[in-house]
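> Letter by letter, the chains look like this.
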Amino acid sequence: MPVLNAKRTAPTDDKRWKIVETRMRRLGDRPEALIEALHAAQEAFGYLDDDALQYVSDILGVPPSKVYGVATFYSFFILKPQGQHTCVVCTGTACYINGVKDILAGIHAKYGIKPRQTTADNKLSLLTARCLGACSLAPAVIVDGDVQGKVKADELIARLEAM
Amino acid sequence: MSEMPAARPKPRPVPGHGHNGHEGPARVTAAVCCAASCVSAQSDQILKKLGERVTEAGLTDVAVKRVGCLGLCAAGPLIQIPETGKLLRGVTPDKLEPVVEELRTAHPTGQMEDQQPFFSKQVRVATENMGRIDPEDIDDYQAHGGYEGLRQVLTSMSPAEVRDEITRSGLRGRGGAGYGTGLKWTTVAKAQGSPKYVICNADEGDPGAFMDRSVLESDPYRVLEGMAIAAYAVEATEGYIYCRAEYPLAVARLRTAIRNAQRSGFLGSAIADTNFSFDIQVRLGAGAFVCGEETALIASVEGRRGTPRPRPPYPAVAGLWGKPTLINNVETYANVPSIIRNGAQWYSSIGAPESRSKGTKVFALAGRVVNTGLVEVPMGITLREIIYDIGGGIPDGRPFKAVQTGGPGGGCIPAEYLDMPVDYESLIKVGSFMGSGGMIVMDDTSCMVDVARYFMDFCREESCGKCPPCRVGTTELYRMLDSICSGEATMDDLERMAKLAGIVAKTSLCGLGAGAPNPIFSTLRYFRDEYVAHIVDHVCPAGVCTIKTAEVAR
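First to last, the protein sequences are chains A and B.
In this text, residue positions in the first sequence follow the working numbering: the first is 1, and each later residue adds one.
In this text, residue positions in the second sequence follow the working numbering: the first is 1001, and each later residue adds one.
No lab work stands behind these hints: they were computed from the structure.
Do not take every clue at face value.
Derived pair list, reagent style PhoX-like, types lysine-lysine, alpha-carbon separation capped at 25 Å [claimed, not checked]: (1) A:Lys114 <-> B:Lys1548; (2) A:Lys114 <-> A:Lys152; (3) B:Lys1548 <-> A:Lys101; (4) A:Lys150 <-> B:Lys1095; (5) B:Lys1323 <-> A:Lys66; (6) B:Lys1095 <-> B:Lys1048; (7) B:Lys1506 <-> B:Lys1466; (8) B:Lys1190 <-> B:Lys1048; (9) B:Lys1466 <-> A:Lys66; (10) B:Lys1121 <-> B:Lys1049.
Estimated spans, in silico, between C-beta atoms of each pair [to be verified]: (11) A:Gln54 <-> B:Ser1349: 57 to 67 Å; (12) A:Asp49 <-> B:Gly1090: 40 to 50 Å; (13) B:Ala1415 <-> A:Ala158: 32 to 42 Å; (14) B:Lys1086 <-> A:Ala109: 38 to 48 Å; (15) B:Thr1490 <-> A:Arg116: 45 to 55 Å; (16) A:Asp50 <-> B:Ala1057: 50 to 60 Å; (17) A:Gln117 <-> B:Val1539: 27 to 37 Å; (18) B:Arg1255 <-> A:Tyr47: 17 to 27 Å; (19) B:Glu1056 <-> A:Asp50: 51 to 61 Å; (20) A:Tyr47 <-> B:Pro1310: 32 to 42 Å.
Since this is a predicted model, take the numbers as computed values, not measurements.
We put the beta carbon where it would ideally sit given N, CA and C, even for glycine.
All chains, full assembly: derive it from the sequences and hints.
Structure representation (structure tokens):
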């Protein structure tokens, strides 16, 4: 359904909007580009804020309700800014039976955060992944994009402390 | 039917990776595993530094090349010397001297080293190029028989002949359900409507499964070729690969492969100088397990929430944009080029001759097993051979307890069935499921009630919420399992849970809900005593669950 009176300009003159715009244009600015557009926006800005959702909605002619529906349906999309550092803990089966519970409990004891939460000082965000597919490294975590295998809770916390 | 491929040329040196300008074939090659598991242990650094070291050492007859998954992920980062068969394990970027020394002294003798059961018991079809070719180099792929299959179908076979060949091979869907691949192709080919689409399901969502990731990272052209052959067979012109966003390396290699295939005339218009046209786009998933279900996957490719719809009509009749659509998974397509090249007869002779499961299956072996990694085995092999011979058994001498196959909709198989053959029908008979190929080994440190709770937690979180049996049922089953784990449940609760599990299995809209109770069924069937111990004795036999004291529980 076309959205009337839609603004077709980027929310700010930040150059990163160009990346999002290009990705949508490559798919003909059609509604089916929605998920790709959200990926592009998240890659560019780290998370999806209201401006990003509204912009994508305007360009693709998808109602904001549907854009929000898709953005919240898929767990890969993040609608809040993340902390300075992120720690993604894999909770796949191999990691689970190799002691992920201890890792999450250790982080919670030390920083008081659960998965999908960020510390009050905005230093650390804790996320979980369904399965990183790095099962031979179980339990595996990703600290700021760097995969660590065969992790123990105390070693991981020491590393997080050192950042 | 067709001739077996002729003797394969030696791997060619990769320019810019330390071959030092030497012409002609290398004496030995250092094949550095650059699939996700080894890369996360810095094998990309190793590749770069080893190239430099080899050049510094003046070894002009040594090639250093990037290859895909070598399989034995547990011992990574890995380097293999294919000419001698030697496998160097646990290499680190700071200690490359022994590797350089090995390369200096290694001489191919025709005798292969390292023929341990991990490798010798495997039969490689879908993974035949893994660890041998450079995953991004289309010439290397062609030097190893790549695109022979596509050329053959385009120049000498009709679409019906291709479908017939696949049907006779006995290939069944490797995503798990095991539907006959030839039959599915025929249905799409006969369906009315145009254009037709071919989709590759690379949304490998089962936790503990990484077969598709390894295939895409190690041999992406094979999947593109398989899809192109399928497109020719069902007369489709457009294809999509729906890949998880959690696999950035696989996505990057796929995109590179698609670009190179387009440039080399294996995708796009007039493929291999015939009038056949077919192109492929990548679509990223965004972390929704339910999108492995085909109708949910189609909704997601169309840019919508990934919720399934009732079938029929099946996607073969009305799929993407309402048009006839063929959906197979990565491993299914990866088998196709080999079947065309070597013939249906060859493929169907692999595996158990008496069973309806032909060919091979790739498994991701993980959990409490020594040799975690990626294995491809003939159908009909026993669980014991996979876990003990290939997998090297359980670490620390602990006893085997169960092996979980089939992902969240699968089941836990106890020790008494270790000698059963692995095929679609046998796994269903013991209450599990082939699934996409995750195989998680558990020892006595795992509590089976806790494992059932883990999978139910997964299904509860991943339920799309469209149909109430799944949305409400999985949440309620999780709550019941949680109360058993904490010692707060009664035996009546156990019966109620079993009854509800039956209802959820029968009334859910798609496979996610229908399969979600399976871990409960199989653990109740084989490990009922553990449930009873939690409920009656307030004890977790494996010492995993935190049981509230008896007073509190009452």
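> Evaluate each hint against the coordinates.
Going through the hints against the structure:
no. : hint                               : verdict
1   : A:Lys114 <-> B:Lys1548             : holds, 23 Å
2   : A:Lys114 <-> A:Lys152              : holds, 18 Å
3   : B:Lys1548 <-> A:Lys101             : holds, 18 Å
4   : A:Lys150 <-> B:Lys1095             : holds, 21 Å
5   : B:Lys1323 <-> A:Lys66              : holds, 24 Å
6   : B:Lys1095 <-> B:Lys1048            : holds, 13 Å
7   : B:Lys1506 <-> B:Lys1466            : holds, 16 Å
8   : B:Lys1190 <-> B:Lys1048            : violated, 51 Å
9   : B:Lys1466 <-> A:Lys66              : holds, 16 Å
10  : B:Lys1121 <-> B:Lys1049            : violated, 33 Å
11  : A:Gln54 <-> B:Ser1349: 57 to 67 Å  : holds, 60 Å
12  : A:Asp49 <-> B:Gly1090: 40 to 50 Å  : holds, 44 Å
13  : B:Ala1415 <-> A:Ala158: 32 to 42 Å : holds, 39 Å
14  : B:Lys1086 <-> A:Ala109: 38 to 48 Å : holds, 46 Å
15  : B:Thr1490 <-> A:Arg116: 45 to 55 Å : violated, 34 Å
16  : A:Asp50 <-> B:Ala1057: 50 to 60 Å  : holds, 58 Å
17  : A:Gln117 <-> B:Val1539: 27 to 37 Å : holds, 34 Å
18  : B:Arg1255 <-> A:Tyr47: 17 to 27 Å  : holds, 24 Å
19  : B:Glu1056 <-> A:Asp50: 51 to 61 Å  : holds, 55 Å
20  : A:Tyr47 <-> B:Pro1310: 32 to 42 Å  : holds, 35 Å
Violated hints, listed in ascending order, are 8, 10, 15; each of the other numbered hints is respected by the structure.
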